[in-house]
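As you go down the protein sequences, you meet chains A and B in turn.
Take 10 as the starting number for the first sequence in the numbering used here and just add one per residue.
Take 10 as the starting number for the second sequence in the numbering used here and just add one per residue.
These are computed hints drawn from the structure, not numbers from a lab.
All values derive from a computational prediction rather than experimental measurement.
One should not assume that every hint holds.
For identical chains, the list gives no copy identity; a pair is met inside one copy or between any two copies.
[Unchecked claim] Below, simulated EDC-like cross-link-like pairs (lysine to aspartate or glutamate); rule was C-alpha separation at most 20 Å, straight line:
hint : residue 1 : residue 2
1    : K230      : D267
2    : K125      : E243
3    : K250      : E69
4    : K350      : E277
5    : K250      : E64
6    : K125      : E64
7    : K230      : D282
8    : K250      : D61
There are 2 protein chains.
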Amino acid sequence: MMRTVFAALLVAAAAPALGQTSITTLPPPAVADPKVAALRDFVLDNDHYAWDIVEGLTTEVGQRLAATDAEARARDWAVRRLTAMGFRNVHVEPFTMTAWIRGPESSEIVSPFPQKLVVTALGNSASTGPAGVTGQIVYFDSVDALRVAPDSAVRGKIVFIDHQMTPTQDGSGYGQFGAPRRQGPTFASLKGALAVVVRSIGTDHHRNPHAGVQYFTDGAKPIPAGALTVPDSEQLVRILKRGRPVTMHLTLVSHTLDNAQSGNVVAEVPGRDPNAPILLVGGHLDSWDLATGAIDDGAGIAITTAAAKHIMDAGQPERTVRVVWFGAEEPGGFGGAAYAKAHAADRYAIAGESDFGADRVWRFSTKLKDTDPATYRELAASLAPLSILQNDSGTADGTDIEATIAAGAPWISLNQDGIRYFDVHHTPDDTLDKIDPVQLRQNVAAWTTMLAVLSGGIEPGAKQQSRR
Amino acid sequence: MMRTVFAALLVAAAAPALGQTSITTLPPPAVADPKVAALRDFVLDNDHYAWDIVEGLTTEVGQRLAATDAEARARDWAVRRLTAMGFRNVHVEPFTMTAWIRGPESSEIVSPFPQKLVVTALGNSASTGPAGVTGQIVYFDSVDALRVAPDSAVRGKIVFIDHQMTPTQDGSGYGQFGAPRRQGPTFASLKGALAVVVRSIGTDHHRNPHAGVQYFTDGAKPIPAGALTVPDSEQLVRILKRGRPVTMHLTLVSHTLDNAQSGNVVAEVPGRDPNAPILLVGGHLDSWDLATGAIDDGAGIAITTAAAKHIMDAGQPERTVRVVWFGAEEPGGFGGAAYAKAHAADRYAIAGESDFGADRVWRFSTKLKDTDPATYRELAASLAPLSILQNDSGTADGTDIEATIAAGAPWISLNQDGIRYFDVHHTPDDTLDKIDPVQLRQNVAAWTTMLAVLSGGIEPGAKQQSRR
Chain A
10 MMRTVFAALL
20 VAAAAPALGQ
30 TSITTLPPPA
40 VADPKVAALR
50 DFVLDNDHYA
60 WDIVEGLTTE
70 VGQRLAATDA
80 EARARDWAVR
90 RLTAMGFRNV
100 HVEPFTMTAW
110 IRGPESSEIV
120 SPFPQKLVVT
130 ALGNSASTGP
140 AGVTGQIVYF
150 DSVDALRVAP
160 DSAVRGKIVF
170 IDHQMTPTQD
180 GSGYGQFGAP
190 RRQGPTFASL
200 KGALAVVVRS
210 IGTDHHRNPH
220 AGVQYFTDGA
230 KPIPAGALTV
240 PDSEQLVRIL
250 KRGRPVTMHL
260 TLVSHTLDNA
270 QSGNVVAEVP
280 GRDPNAPILL
290 VGGHLDSWDL
300 ATGAIDDGAG
310 IAITTAAAKH
320 IMDAGQPERT
330 VRVVWFGAEE
340 PGGFGGAAYA
350 KAHAADRYAI
360 AGESDFGADR
370 VWRFSTKLKD
380 TDPATYRELA
390 ASLAPLSILQ
400 NDSGTADGTD
410 IEATIAAGAP
420 WISLNQDGIR
430 YFDVHHTPDD
440 TLDKIDPVQL
450 RQNVAAWTTM
460 LAVLSGGIEP
470 GAKQQSRR
Chain B
10 MMRTVFAALL
20 VAAAAPALGQ
30 TSITTLPPPA
40 VADPKVAALR
50 DFVLDNDHYA
60 WDIVEGLTTE
70 VGQRLAATDA
80 EARARDWAVR
90 RLTAMGFRNV
100 HVEPFTMTAW
110 IRGPESSEIV
120 SPFPQKLVVT
130 ALGNSASTGP
140 AGVTGQIVYF
150 DSVDALRVAP
160 DSAVRGKIVF
170 IDHQMTPTQD
180 GSGYGQFGAP
190 RRQGPTFASL
200 KGALAVVVRS
210 IGTDHHRNPH
220 AGVQYFTDGA
230 KPIPAGALTV
240 PDSEQLVRIL
250 KRGRPVTMHL
260 TLVSHTLDNA
270 QSGNVVAEVP
280 GRDPNAPILL
290 VGGHLDSWDL
300 ATGAIDDGAG
310 IAITTAAAKH
320 IMDAGQPERT
330 VRVVWFGAEE
340 PGGFGGAAYA
350 KAHAADRYAI
360 AGESDFGADR
370 VWRFSTKLKD
380 TDPATYRELA
390 ASLAPLSILQ
400 NDSGTADGTD
410 IEATIAAGAP
420 WISLNQDGIR
430 YFDVHHTPDD
440 TLDKIDPVQL
450 RQNVAAWTTM
460 LAVLSGGIEP
470 GAKQQSRR
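The task is simple: from the sequences and hints, build the whole structure.
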């Protein structure tokens, strides 16, 4: 375990030589509760709840764009499924918001080499209208290059922002390489651009664009903003390198709907002590509209719900386990904000979200390391057999629980392997076949283990009746 | 080398034990000509012609659908490039045909679970018109299952044909698993189907459909015929397994143009003996319209042209090397048929086509094995250092040279590794990034070696002047 090794190394630095450290200087031992270990191992081999949920939701509902009829059908599906699984207090907590709805979209190079390029609009893009717009491409290799460009280089043109995102296991490239999508449209607009297209924030080489949200800030007027696929962006770079003026025709039709309805779906495994701080887990129910949202975030709600169901199957925990399928995460965390506001009086023992695909959990970190070291060591010992490392420098993670954590809830992050994540993220390719059932089960085992350790104890006598 | 091993084993069967065979029973030795070996090794390390061609064609022309303006631009590009490279007798041999042109297309499940599926029309599909058609899906797991179904099960419905194509190194799955695309629409039409969709003939899991040609035969009336992507086909299967009637709305708009112009582009490295049988190599210039046709078949024309250029750079061969960039292969080998008809009087020393991607050549076979065993052994010895095996059971390969071979030309097949080929074949993903430059150079080295061995000798003194 990483923390133990670090501790040993610190001691070793003061000792004559590595290997001669006294084992009596190591921290107190931690071992997993045998009942927790047995539950973990059972789930690792046998879970089917998670697959059933993500298979069912993606097949029977499909895409679930925030604040649309599709997301409403998903909430209905969620209530039926969670009720059938035996959860209690299953209900929807509605809220309203402005929905952004995609229409027809296309792009083509008009000259010098006429050809179509595959594009998708970014969230909150202005609409070009069905006739589209035509303009000369101006190239920038980063947002910063655009930022320092004179307005005269940009005005009336279609800005293209390139970059070279690389896969990382911890997903750390999303901050830096996501900047073209998040900040590019605003900078382009403030400099008078006609429109903006960015290279998709993705690590694949398929003709599937990566959607995603952006906001026009700092008084920037909305302009049409889209993402080209990675192969199309590389094609555009090759065309630009010929040195001739490049003209693009861009059509990105969209509209907005005010006072559209979204909502969070809440379900619980009631604890023996209704006054004990609760365990909050979940993911987001909405998806982008280009695919069925299997890894983003069908998998996350499936994993956390399956884990809660395994606690239910084992008996009754001391603490209530609350599962939330948050609405409208993709356009900006509307569900998480609405939840935190509605539940400002609730007290939490932990808050955790699964929203980084369906590949294996490879490390974890939690606030409890500082506030409850004994429980932290027990968690670490219980998770280690799933090949899960301790991450001493980890931070809270998850748009949906951000507001709840900001209000004081202790957090836990079970970090998934993100090497493949941005191959598929927000593309038409986010479909069920991208989920590896074996890795999905490892996730469920990890979350079940975490809930069991923090449950305050599960009493078999009070086992819930499962209807599914 | 495979053939030698086989011969040894045959002898071994009559000998007391393996390992005691006399080495005096092996066939006569063959060694590569040192000049050919040096050329081969130079090309393997240094070729850039092939990359330059496929990069240029895919960037500056893009998709090249048969008998369209795009294919005409590609012919213009070809004449300019081949002339600039120093080829002689560069010209276009035009022919006319009926072009099939894709329009807007989409599909969606209307009930029980409304959602869009990604589809593309197959070649020669009837048009649904912009309003589309709506019908109930009837499922078949193979063409044969459709073939034996009663008309009453199919009439007025949208036929869906499933299958499970598997990747193979030699591409042998394309025959069996291609049947749903090639024969399915005709069977569906003859039984009175409203329309037909097939699972894409592909081995990937991306939301990119695989286009491809089919013909309505046996008096079948054209009906709308499309291919769903592999993930969408699997989604449709999951939806059907719920056991409720499934209704699809299908829009496949297309039109045809009679007397549309296509053409073959011909270029030569003139031989010292104009009367000697010539070496014919090439690939096809047209592509499907969904992508830039990098592996199908930009790579093939790039590889064979680069090889001919290396012969030109080395001097003047005894035999003329003729390179043909065939037109309109995808809709059914129109260019190859036109070429064979126009050149019925020509005599060939060999005919070979590259049209199976850009991955490495792993084996070869040729008619010369029977007609000229000494040259065959020299070829085998010269290609073996490129890790190319002898394939004793190989056959002639290539739509474009089929008619020429049928008329008597000796053939050679340099088989490319096809494990990845049907991941990308005929999809929007057939773009330049799918080509591995190292494997591309191995292809050029193999074709250059073949041409050098069969050239009748290259005289350095008569070296052509290269302008590029």
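Which hints from the list above does the structure break, by number from lowest to highest?
7
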